Every structure is written in C-alpha cells, then in structure tokens.
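Protein chains: 2
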Amino acid sequence: MISDLVSSYPISGRRFSVSYRLSGDEQEARAKARDICLEQTVEFPDALIPDGVIRDQILGRVERFEAGPDGGYAAKISYAVEVAGGELTQLLNTVFGNISIKPGIRVEGLELPDEALRSFKGPRFGRSGLRERLHVPHRPLLCTALKPLGLSAQGLAELAYRFALGGIDIIKDDHGLADQGFAGFHERVRLCAEAVLRANRESGQRSIYVPNVTAPVDAIHSRARFAKEQGAGGLLIAPGLAGLDSMRRLAEDDGIGLPIFSHPAFQGTYVLGREHGISHQVLFGQLPRLAGADATIYPNFGGRFAFTQAECQSIVRGTEMVMGSMRPIFPSPGGGMSLDRVSEMVDAYGQDVVLLIGGGLMTQGSDLAENCRHFRKLVETTTG
Amino acid sequence: MISDLVSSYPISGRRFSVSYRLSGDEQEARAKARDICLEQTVEFPDALIPDGVIRDQILGRVERFEAGPDGGYAAKISYAVEVAGGELTQLLNTVFGNISIKPGIRVEGLELPDEALRSFKGPRFGRSGLRERLHVPHRPLLCTALKPLGLSAQGLAELAYRFALGGIDIIKDDHGLADQGFAGFHERVRLCAEAVLRANRESGQRSIYVPNVTAPVDAIHSRARFAKEQGAGGLLIAPGLAGLDSMRRLAEDDGIGLPIFSHPAFQGTYVLGREHGISHQVLFGQLPRLAGADATIYPNFGGRFAFTQAECQSIVRGTEMVMGSMRPIFPSPGGGMSLDRVSEMVDAYGQDVVLLIGGGLMTQGSDLAENCRHFRKLVETTTG
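Residue numbers (our numbering), protein chains in the order written: chain A, 1 to 384; chain B, 1 to 384.
Bound-form chain A, shown alone (with noise of 0.2 Å):
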C-alpha cells in the first residue's frame, strides 16, 4: 500500500555525510549504525519500507564503518542532500534530531558539498572582513567583556571607554546582559557604543562594541538594528539560548550586515559526554560557521572551564576545515584566561585567534586602560 503513494520528486543524488562514533562491541555499533539511516529519515519499520526510492535514496546510507582511535566504532553515513530540504534546521534534524535521544551516539564531523550549502550563506565576513574592519591585517584580536551584572549603562559605558583606549579591539557584552532593568538595552547600546567611538576618535584606533542581542526571537532583529545604528561593529547571540537558526537568520539579514560572535552558552552539555552528543569540531567550530558566525567563542583550555588542548584544536579545525566557499572563522578561547596566558595562548593558536580576557584585566592592577595596554604589548611582542 506504501509503495503507491510514494512521491515522484526527483532526486539528485547527491549526498551529505555524517561521521558519528558509535559505542558497543561491534555487532552493536553495527545495529546503531543501521537503526540512525531509518531513524534520521524514514522513522519507519524496516519491514515496511517500500523498494525503490525511499529503499534506495532517502534512507540514510553506511558509507563506512571501521574501529575507531578511541575504543567503540567510527561510521560515516550519508543522507540525500533532499532530506535536509535546503533548511538549517531540518539539516540538524537530519544529523541528529531523534538519535540525540539515544545514548551512545556522538556526531564527529560533518561533510557539507556544495549541494548541502547553497541555502546557507555562511560568514559574511570571516577572519579575513573582520580583520580588514578592524584594521588589524596580522596579530591576534584582542577582546573582553563588559562585566559585571548589575553596573549601569553609565557604568558599562565607563569600561567600554577604558578598555577602548586601551586598544582592545573587541568590546563585548557579557552574555548575560540582556534587557534587565539594571542597564536595559537600548540606554546601554546607545552610550557604550557611543563611548567606544569617542575612545577610537581620541586614539585613533578601531575598536568596536560588540552587543548582546540573545533576546527573545521577536526582538533580536530590532535590536541589532538600533545597535548599527548606534555605531555598534558587532553582535553577540548565543545560539544555545536563542536558536542556532535565529544566529543564521541574523546573519544573512542584509539590513544589518554586522560581524557576528557565537557565543556557547546552554550548549555545553552536548560536548560533555564522551560517548554522545555533539563533538567541539563541530559544535563549536562547524555549525555556527554554517550558521553565519564569523568569530565563535569558547572555553580555553586550562580555564575555569574542563576544555582540553586537543579539544580546542579540534574546534579550530572545525572554523577554517574545507566546508565548501564558506570563509574561515575565528576561535575565540576565553573563560578564565588571564594574562600570564597569553604567551601560552599565542603559542597554541598562532595569529588567528581573538584572545579574550574578562575578568583577568580586572584583576591586573586599578588602572584599566594600562592593564589593557599592558595586554595588547604582551600580544605584539608575542607574536612580533
């Protein structure tokens, strides 16, 4: 009866693959590895599913299979480019909608053709446009955050100058200032940006004020729109809290065309278990490139944070990995950092990388402006 109503839309072919680790002895990774092409696409008995079509292309394919590096079973399965029907979160469904409900199950890499991309328009600056709007063609960034909860807009605003003069470049909301009452966010953009351009006329520097526009869906846009134009050169958004498809949307929003940072609250929890969820590389490196970031930010090794070195390179794989024409993106590592890290930091990340330092600058000394001055010299000299 299934076999009549199954739909002549042609299919092209093409496929995108997913890597997974699966865990068991091998007869049971080769079970998880049957059971993720039905239950990634057909969600249907086995039994049941008509020959032709659905049999020969829609279900997902075990394109290989062998042991993996690290104990349990490593395989790439693929799916028809027309599963994930051109939608980022249908794309996310397709690699990991159900079977993030079954333990044992963790994505390690994805393998995006051109095909898979076209909807997507990716970063619209990328390493490189940001740089060139920083006027910083070389060295590492340098970023903090304005902290803590509870200052006024007058008083974050008094930071953002500081740390402006001192010659960091990125000058960014803490994630958790949203719209509270404490320093809602309209006086808050207004005078912080405000403050970051008085600083760079004063200086002659490029620094810019990144806000926090994680808010509710139906004012992210609006809010990124004040923020340009107050003079705002980024946005913040958490893809964890607001949605990764509301960081893409974001991003191809022309109206706005601002740099985006990612930022990797609530989304934790799917990197933490070795044996499921969702590795760094492509938590935190390859989805919210997919999804228009151009920087993204995450806990450095050796932090307040359980992050390990290998980890964090694997995120950096992740941001500058083939993935069709999509550009590079930055790492962002931060989360306890501090000075005495910055050698270490460089040495591990090289240039391309945004050194963020939140707190660490607090701590320095009294005077801001120098502890930042002081960051910045570290940065030039580390890396000539």
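What the hints contain is simulated information worked out from the structure, not anything from laboratory work.
No experiment lies behind these values; they were computed from the predicted model shown.
It is possible that part of the hints are untrue.
Treat identical chains as interchangeable: a pair holds within one or across any two.
With a straight-line cut-off of 25 Å between C-alpha atoms, the simulated SDA-like cross-links for lysine to any residue are [stated by the list, open to error]:
| # | residue 1 | residue 2 |
| --- | --- | --- |
| 1 | K228 | D218 |
| 2 | K377 | N200 |
| 3 | K102 | G336 |
| 4 | K102 | E275 |
| 5 | K377 | E132 |
| 6 | K228 | D253 |
| 7 | K102 | G303 |
| 8 | K377 | V346 |
| 9 | K102 | T363 |
| 10 | K76 | V62 |
| 11 | K76 | R304 |
| 12 | K102 | Y349 |
| 13 | K102 | D340 |
| 14 | K102 | R341 |
| 15 | K102 | L339 |
| 16 | K121 | S325 |
| 17 | K102 | L48 |
| 18 | K102 | E344 |
| 19 | K102 | S338 |
| 20 | K121 | D218 |
| 21 | K102 | Q309 |
| 22 | K121 | A219 |
| 23 | K102 | G273 |
| 24 | K102 | S23 |
Start from chain A and add chain B according to the hints.
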C-alpha cells in the same frame, strides 16, 4: 572602582530557584554551588564584587545544600527575578547558560514564583482546552504520525484520511517532514488538512491535523498561519531545532492560536547524562510548558529509546506541577509504541495522556482505518 559604577535600579527581593544535582564529595559539591552563584550571574572574580546590591541581591544564593538521594549533592540556588529580566532566553541562561559547559551539574527542578512567570503566557489550551477542542472529555487522546519521508503530499493525505476515519484524534506530521520536494509544506498541509476535514464530515468525529512547522525562524509564523487557514487543528514544533523561544513566540501569537505540540528532536543529550545536563522533568515537562506547549512528546519507556518509567513519570510531574497559574499540559509518550502496549500505557499514565503510536499502526494489518479503530477500542475498553 567598580562600586562607583553600580546601577541604582531597585531590586524587588523576589527570587526564583533552581535545584541542581552536584557531583563530587561534599567539599567539591559545595565549591560547585558557590561557583554557580557567580558563574550564572556576575561571571566575575569574587574578590572584585562590590558590597551592596550586587553581592546581596544579584549574586546567586545557595538556599539549601544537602546530600542527594542518588549520591552527589542537591543544592537549591536562588536568583533575583530581575536577573532573568522577563525574557525566556535570559531565564534559560541564568538557569544553565555557562554551567552547561561545566561537568557534574544537572538541573533537576525549577521553582518559578508568579513574579518570574508574569512575562510568559504559558499554554493557551493545556489539557482541558485541548480536550474541549477535540470533544474528548475523559479518555486518553489518540495520536499518530504521517510518514515515511518520501511519500507524496497526496500519499500523506491518503494516510491522514484513513487515520481520521479510524478515529485517531490527532494526526501529526512526522517531525522530519519539513518543506522537502517530496511533499512540500504548502501542498502537503492543504491536502492533509482537507483530508482530515473530509473524514470528519463523513464520520462525525473531530480529528485534527497537526502539521510540522519546525522551520527557519523567518518561515515559522507564515507556515503556521497558512496551516490555520487550511484548517489544521494544531502545530508541531521541535524547540531543540527551532529554539525554545521560537515555540514560545508561536504559542503566544494571537493571530494563530492553535494548540502546540512540542517534539524532543535534538534535545536528548541534555537528559542522557546522569551527572550533567537537565532532568527529564524540566526539559520535557517544565520548559515546554513555560514556552507555551499544550502537549509534550517524548519517548516512552520500553520503546526504541532508553527512558525509564520513573523518568517518564517525572516528565508527567513537570506537565502538571504548580507553575503559577499555568495550565497542566498533556504528556505524549511515543517512540516505538505498539497496540499491545496500550493497556500498560494507560495503567502507567491514566486518562490524561496523548498516546502516540506511529509505525506500530502500520504493522498491525493492511486496513489502516481498521487498525485505528482497534487502537481506539482498546483505549476505550481499557479506560472504561
């Protein structure tokens, strides 16, 4: 210096609370609790936090700390209502933003006083409203899914017609049906809605078609409006794919006003770790309810997913526990269910449940409408 920059915004003193499960020995768990208070609010070195409102009010506060029932420790931490600022995105951030990236922390429960709920409308229909619309005052509601992916819009409509004739109350799109060429959204919704309305006219029943509007954020509302115009009786959306706040916005849209069914795709990782993530009660009970879902779909125990009966019961608790004046919503267990498990499901859930059987209705016999009548009869006889 920082103390000169503090906002004079008045804090009401009203707080909401989060119960966390913390791993480690007592000393480690106490350190985690203190860290959460900082990380989720000021994200700032403790030594630099000025005395006064930031330390006294804005900082998280450990309200209770005790040994947990299953090893680990249970900490109840409260936050000023003003920190969440009336936005779901910032509420999620306060509950689990940065600490999602730290191991050994699991959100177990939310206690949200009226002051914290005021800005959320919650479920428009809830259990009683959905029962009214369906004219089913007492028995469990019956639900099935249109699939597999690869059928034509006409084919899916043919299935929808037979399901409705057979007495299924809620006929939903499989969550993998987006806007692919096989059965594009508009044609599918037009034909399926029409098919269900036609079956209703013939049978005198009140079945509803519930299309999937999980989609790019800029398409959700236009698709939902189209669905309503075509006669759809509800909307399916996966907050893990589209963003929880997109579901909230959809549910609150008075121009649409249809019952919302929340699907768990892409969210599973949060509940799979015993030691970190988010509890079943919160993720599949409290959060979708807060974001306006009228029913929450999740994998039943004993199906092709790995939830236990206790975990499923905790979801039910989340759907009905006191949350201000928010209506209780329907639990909707599914995922590999079959007709021979109906009586067990009714035993476990009672009357207030949406029983979701998808592929299991197809394997029963070749007369689909007859299989549905059998399902309905089983439910009616089991529940009197």
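Within, between, both or neither, where K76 and R304 count as close if Cα-Cα is 25 Å or less: between (34 Å within a copy, 22 Å between copies)
Within, between, both or neither, where K377 and V346 count as close if Cα-Cα is 25 Å or less: within (13 Å within a copy, 69 Å between copies)
Taking 25 Å as the upper bound on the Cα-Cα distance, should K102 and D340 be classified as within, between, both, or neither? between (43 Å within a copy, 23 Å between copies)
Within, between, both or neither: K121, D218 at alpha-carbon 25 Å: Result: close both inside a copy and across copies, 22 Å intra and 15 Å inter.
Given identical chains, is K102 near L48, meaning Cα to Cα at most 25 Å, within a copy, between copies, both, or neither? within (22 Å within a copy, 44 Å between copies)
Status of D218 relative to K228 across identical chains (alpha carbons, at most 25 Å): both (17 Å within a copy, 21 Å between copies)
Which holds for K102 with R341 at a C-alpha limit of 25 Å: within a copy, between copies, both or neither? So K102 and R341 pass the 25 Å test across copies only (21 Å; inside, 39 Å).
With 25 Å as the alpha-carbon cut-off, assign the pair K102 and Q309 to within, between, both or neither. Between copies, since 16 Å is at most 25 Å while 28 Å is not.
Please sort K76 with V62 into within, between, both or neither, judging by C-alpha distance up to 25 Å. within (6 Å within a copy, 46 Å between copies)
Measure nothing new, just compare the shortest in-copy and cross-copy C-alpha distances for K102 and S23 to 25 Å and report within, between, both or neither. Intra 11 Å, inter 23 Å, cutoff 25 Å: intra and inter.
25 Å Cα cut-off: does K228 pair with D253 within a copy, between copies, both or neither? Within one copy, since 12 Å is at most 25 Å while 28 Å is not.
At most 25 Å between alpha carbons: which applies to K102 and S338, within, between, both or neither? between (39 Å within a copy, 19 Å between copies)
Of the numbered hints stated above, none is contradicted by the structure.
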